[in-house]
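One line per chain: the protein sequences are D and P, in this order.
Following this note's numbering, the numbering of the first sequence begins with 1 at its first residue and continues without gaps.
Following this note's numbering, the numbering of the second sequence begins with 283 at its first residue and continues without gaps.
Source of the hints: derived by calculation from the structure; they are not laboratory data.
Keep in mind that a hint or two might mislead.
Some residues of chain P that are not near chain D, with every Cβ distance over 12 Å (derived) [what the hints assert, rightly or not]:
no.	residue
1	T313
2	R378
3	T395
4	D408
5	V460
6	L529
7	A533
Derived, one-sided and incomplete: chain P residues facing chain D with beta-carbon distance under 7 Å [to be verified]:
no.	residue
8	L387
9	D391
10	E398
11	L402
12	R405
13	L406
14	P410
Ideal Cβ placement from N, Cα and C applies to all residues, glycine included.
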Amino acid sequence: MSASPGVPPAVSASYASPGLAGETVLDGLRRLASRIVTLCWVELRKVRHDRSELYMRGIQPALWLLIYGETFTRIHAIPTPRGVSYLAYLAPGILAQSALFIAIFYGIQIIWERDAGVLTKLMVTPTPRSALITGKAFAASVRSVIQAAVVIILSALLGVSFTVNPLRLLATFGIVVLGSAFFSCLSMTIAGIALKRDRLLGIGQAITMPLFFSSNALYPARVMPGWLQAISRFNPLSYEVDALRGLLIGIPADLWLDTTVLACATAAGITAAALLLPRLAR
Amino acid sequence: MTTDPAAASAALAADPAAADPPGAVLCSALTYRFGAHTAVDHVDLRIEPGETFGLLGPNGAGKTTTIRMLTTLLKPMSGTIAVFGTNAAAHPMRVRRIIGYVPQLLSADSTLTGWENVQLFARLFDVPRRLRRERVDGALAAMGLSEPAGRLVSTYSGGMVRRLELAQALVNAPRLLVLDEPTVGLDPIARTDVWEYITNLRDGLNMTVLMTTHYMDEADLYCDRVALMHRGTIRATGTPADLRASLHDGATLDDVFRHYTGGTLDDDTAKGGLRNVRQSRRTARRLG
């Protein structure tokens, strides 16, 4: 058999290349960017191979908007800024919530990769741990971005008038990416502690609802009791929702604060997950 | 009966040293402990460029731990391990660039196609964009997977997944190919098939191959040299023929192993056998 066609000679040029001896920060950043692109590419391929999940995931936000949203719009129980219907106020919250629900279970994939031996192989490629986690965090947001598009379309069908400014829409997706990156890192951190799929599922179930209800996704923080307001202030989901409301329906929001909090939370999440990664690869 | 480390290094010294001075793999006093258990105990080993080297021993002998230190997944607790002159603990990224690694478990991503699996590793190894297609297609062709490359890996047989993993390792054009139990869990036909591909690779590309196995017959057939590992130490090193001849006429590698390890191979394989059953079941479930 001709084993050689296309398989390059064994003497690898990369070994001798001088760039490897002293790697600069720029090399590191370039590699990080390359890993993010690669892992997002893989995630897109996976979505393409199994699209049923996308359709199923559309059901829950549709129910929230259609049943919960329509009903609470009718009874006027929750105060909203002047001229904004409750449904419009709710929609960005549901967008953030459904992106959260996807990201918070992303750790299951890394546990599956661990059990399948794929993770070990990834860790033997020239990819530093932090780059691997960062790549995966952004790959996790691929599904969230698709979900965000679905929720925006659903909301539009229900008569919510979101912004049509392309820059604001782009920023919306940017916020969704950051939020998902943080929550998927949280999930991968839990995966590094729990190590088992079932345990991660249990913990994930246990924390999603508290995260959701202690945020401003369903109601403004000012109607919460004092203790819940305090918790809400430490909940990254609140900042994500605040930014999305500001961008999509023009409610005054502190975009810089929101973005800074989400970015810092993501950086902390990447660090924690990267530190726990060796536990998974054992 | 145990051989002292001096005898092992004597066997190493007796081997005709090849041209490349640092050797493909060089371990000295390599040690790793899990709690009180010493998994790898002062291992000295030298693998020459271009040879197929077998690390033999029952499950729990310390083979996989040695491999994990070589592939930079574990840092040695003491001693050193160098790959083509590069210290694996000090320069993990550099070592990772020159090795191709196929782990014990069947570990291709079953939710991707064969082509996507190889493409993923081409990207992770920074194969330049202009070379990628050629490399990916070449590696798939070399493993006889051009035709099923577009199918999801969940439809592949065990032997095909193993060949796909070899393609993933090859796409980086590694100088050292590390195979951890390459034929565990495969049926005899797939096993012969996988070996044929590995042998062709080695002959065609002059690649150095390090593999672990507890199948003595395979080691005898396919390895240039072997080291017998037991309870964390190397008990003997040499060519399969020399090791057999040194024992008695008509001895098999199995006999040699029993001679050096005091006949405990059976107990250990029985234990390992159970673990392997569990492992292949897990694999079967995963691949649907």
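Consistency of the hints with the structure:
1. T313: Since the minimum Cβ distance to chain D is about 18 Å, T313 (chain P) lies beyond 12 Å and the statement holds.
2. R378: Per Cβ check, R378 (chain P) is inside 12 Å of chain D; nearest 5 Å; violated.
3. T395: T395 (chain P) is in fact no farther than 12 Å from some Cβ atom of chain D, at 8 Å.
4. D408: violated (7 Å)
5. V460: violated (9 Å)
6. L529: holds (34 Å)
7. A533: holds (33 Å)
8. L387: Hint holds; L387 (chain P) Cβ to chain D Cβ min 4 Å, cut 7 Å.
9. D391: Holds. Min distance 6 Å.
10. E398: holds (5 Å)
11. L402: holds (6 Å)
12. R405: Since chain D brings a Cβ to about 4 Å from R405 (chain P), closer than 7 Å, the hint holds.
13. L406: Hint on L406 (chain P): holds, closest Cβ of chain D at ~4 Å, below 7 Å.
14. P410: Nearest chain D Cβ about 10 Å off; hint violated.
Of the numbered hints given earlier, the model fails hints 2, 3, 4, 5, 14; all others are met.
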